[in-house]
Amino acid sequence: MGIVLFDGVAYGMLLFLIAVGLSITLGLMNFVNLAHGAFAMAGGYAAAVAMNRYGWSFFPALALSFVVAALVGGLLELLLYRRLYRSHPLDQVLLSIGLVFVSIASFTYFFGPSMQPFTLPPLLTGQVALAGMEVGRYRLFLVVCGVVVLGGLLLLLNKTRFGAMVRAAVDNQRVARGTGIPVQRLFFATFVLGCGLAGLGGALSLGMLGLEPTFPLKYLVLFLIVVCVGGAGTVVGPFVAALVVGVVDVAGKYYLPEAGAFLIYVFMVVTLLLRPHGLIPRKGL
Amino acid sequence: MKAPRFLAALSLIGMACAAPALANDAVRVGMIATYSGPYADYGRQFDAGVALYLKESGGLLGGRKAEIIRKDTGGPAPDASKRIAQELIVRDKVQFLTGLDFSPNAYAIAPLVTQAKIPTLVMNASSSAITTSSPYIARVSFTVQQVSDPMARWMLRNGINEAYTVVADYASGTDAHGAFEKAFTAGGGRIVGSVRTPMNNPDFSAYVQRIKDAKPKAVFFFFPSGVMPPAFLKVWKERGMAEAGIQLFATGEATDDSYMDVTGDVAKDLMTSHHYSYDHASAKNRKFVADFEKEFGTKMRPSYFAVAAYDAMAAMDQALKKTGGNAGGDAVMAALKGLQLESPRGPIEIDAQTRDIVQTVYIRKAELKNGKWVNVEIDKVERVKDPAKESK
Numbered sequence: 001m002g003i004v005l006f007d008g009v010a011y012g013m014l015l016f017l018i019a020v021g022l023s024i025t026l027g028l029m030n031f032v033n034l035a036h037g038a039f040a041m042a043g044g045y046a047a048a049v050a051m052n053r054y055g056w057s058f059f060p061a062l063a064l065s066f067v068v069a070a071l072v073g074g075l076l077e078l079l080l081y082r083r084l085y086r087s088h089p090l091d092q093v094l095l096s097i098g099l100v101f102v103s104i105a106s107f108t109y110f111f112g113p114s115m116q117p118f119t120l121p122p123l124l125t126g127q128v129a130l131a132g133m134e135v136g137r138y139r140l141f142l143v144v145c146g147v148v149v150l151g152g153l154l155l156l157l158n159k160t161r162f163g164a165m166v167r168a169a170v171d172n173q174r175v176a177r178g179t180g181i182p183v184q185r186l187f188f189a190t191f192v193l194g195c196g197l198a199g200l201g202g203a204l205s206l207g208m209l210g211l212e213p214t215f216p217l218k219y220l221v222l223f224l225i226v227v228c229v230g231g232a233g234t235v236v237g238p239f240v241a242a243l244v245v246g247v248v249d250v251a252g253k254y255y256l257p258e259a260g261a262f263l264i265y266v267f268m269v270v271t272l273l274l275r276p277h278g279l280i281p282r283k284g285l
Numbered sequence: 001m002k003a004p005r006f007l008a009a010l011s012l013i014g015m016a017c018a019a020p021a022l023a024n025d026a027v028r029v030g031m032i033a034t035y036s037g038p039y040a041d042y043g044r045q046f047d048a049g050v051a052l053y054l055k056e057s058g059g060l061l062g063g064r065k066a067e068i069i070r071k072d073t074g075g076p077a078p079d080a081s082k083r084i085a086q087e088l089i090v091r092d093k094v095q096f097l098t099g100l101d102f103s104p105n106a107y108a109i110a111p112l113v114t115q116a117k118i119p120t121l122v123m124n125a126s127s128s129a130i131t132t133s134s135p136y137i138a139r140v141s142f143t144v145q146q147v148s149d150p151m152a153r154w155m156l157r158n159g160i161n162e163a164y165t166v167v168a169d170y171a172s173g174t175d176a177h178g179a180f181e182k183a184f185t186a187g188g189g190r191i192v193g194s195v196r197t198p199m200n201n202p203d204f205s206a207y208v209q210r211i212k213d214a215k216p217k218a219v220f221f222f223f224p225s226g227v228m229p230p231a232f233l234k235v236w237k238e239r240g241m242a243e244a245g246i247q248l249f250a251t252g253e254a255t256d257d258s259y260m261d262v263t264g265d266v267a268k269d270l271m272t273s274h275h276y277s278y279d280h281a282s283a284k285n286r287k288f289v290a291d292f293e294k295e296f297g298t299k300m301r302p303s304y305f306a307v308a309a310y311d312a313m314a315a316m317d318q319a320l321k322k323t324g325g326n327a328g329g330d331a332v333m334a335a336l337k338g339l340q341l342e343s344p345r346g347p348i349e350i351d352a353q354t355r356d357i358v359q360t361v362y363i364r365k366a367e368l369k370n371g372k373w374v375n376v377e378i379d380k381v382e383r384v385k386d387p388a389k390e391s392k
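Which chain is which? The protein sequence lines are A and B, in order. Just so you know, full-length UniProt numbering puts 269 at position 269 of the first sequence, and the rest follows in order with no gaps. Just so you know, full-length UniProt numbering puts 100 at position 100 of the second sequence, and the rest follows in order with no gaps.
Rough simulated footprint, nothing fancy, chain A against chain B, three-plus residues with beta-carbon under 8 Å:
1. 189–203
2. 234–241
3. 250–262
Cβ-to-Cβ under 7 Å is the rule here; a few derived chain B residues that face chain A:
4. P38
5. A40
6. D41
7. A206
8. R210
9. V227
Simulated from the structure, these hints should not be mistaken for lab results. Virtual Cβ for every residue (Gly too), placed ideally from N, Cα, C.
Just need the whole structure built from these sequences, with the hints factored in.
Here it is, written out as structure tokens:
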């Protein structure tokens, strides 16, 4: 029981780490960014290539993944995303899903269609005894990362000037602009942050998910579930949702393997019927 | 000035169109495979195998010049395969069809090749009934049952009489489970539990934990080669399953040579059953691997895909030699039946009754050898036929 719960939490943390950036772009900025997984993939590849070709160790590679995904995100924001902030969501969907296909094709071209090799550093392999259970070190590391990222984001959005400005700009752009808040630059920074977090999540997922060019499509549903169930535009919402989805998924597979993989969809439908705006909608931030 | 240049261009195009007609003594082979998308590696392996054989034969099949027409399906796409096969038969007038990496694609073209009497050699698709879907289809790859059944027998011979099975929830997974269970229980073994995992399954921790709590002596698993086996093996290693005394067995897809570098040390000591290993110790295979690496470098390792493609070409070559260059469907199929070849994987034969392959299935162990993870063959079962057809 305990170990199943822990595995579920760890898996949920991974989902949270990848999806939290989407909650920022989709929820805070109201941009339907289906290409989120592409930024996660960019970060994952950056880390994998740095480790495999240039012999970096895991932790610097993690930092690199954040930087690379943020840079790519910044570039695309300037070139493409910026033009579509105020257009119809359908245009945003089309642009971002188009980006997904472009990214799949270009990663296949440069890195080949097969998986990237990856080995966890010895520090994160194997198990460690914790509260009477044998838990995976890597999974424990994911949990720690998730909590750190959650804490950092909550501090950033709730306690800093930057966070206050972002919240103001999101609530009412016109008024925010009138009071002298540089909304354009603020959105740029927020978008870059969201993409960087996606990249970090992509690199952290290397030890569990395989990294290949179809990554952004394969896991898109999972990111969307986490953000929809959690309530877009908050940080706590996706956190709670990711934990619940992770635990439901792992527990479902453990106790009811015949129906296991299906349970998270049931869970999603039921949650959205009861709370159409997600578990913790924006007001709850 | 403009008009003559235009005319010259037109006549060039005309000549280009006429060129195939001029080379009408060439053997035209249509190859339906995956060259784009997540499975593009399959097409690359096929191409490499075909190129290697043609290089050895001087570009000839049965003494006639070979012309390969490659078409991309982009993955499992029965509708596209059917349309492509039609195009190849009607417009390109091919004498052979080959390639066919996915079973649905092979099934889709069966009615067409029957109607047009085009001899078809399956290079990979491994669903058992493909060869029964048309009298013009023969197979040089393998069937999932053919490699799962010997693993069960080998385990029983080595004193393992209870097993837990884990398979991916799709047709081949069901095939693997069925063949394994049948052979295992028939030999006195007991299946103590089984689980099917969804195809898109990012985290195996729940399944592995379930197995750990069930404490079976051994586990047999089947996943398609690619992302799933390493993900499963990673969790297996993390949970310390080997230390808990649970032995792990699989089919060769788990340690596919194309992915061995990526899979790495999590596959250490894993026992698998399959028909080809990069490490197979025969002169023919050593030459095959050396030629492959000379031609295509060491970045891509020859896998069972490349070997089957090589063998398909060899089978066409031999069949055409037998018929004296006659590429008629019935003549070629008659020549293919009972054809014996020395393949890089060992001796193979096309069964005269079923047109399916008869081959040696090896039991291998994943080991690090000269800095490379390979499947070292430790035992073998000779002349294995497709058990699914044998039981009928």
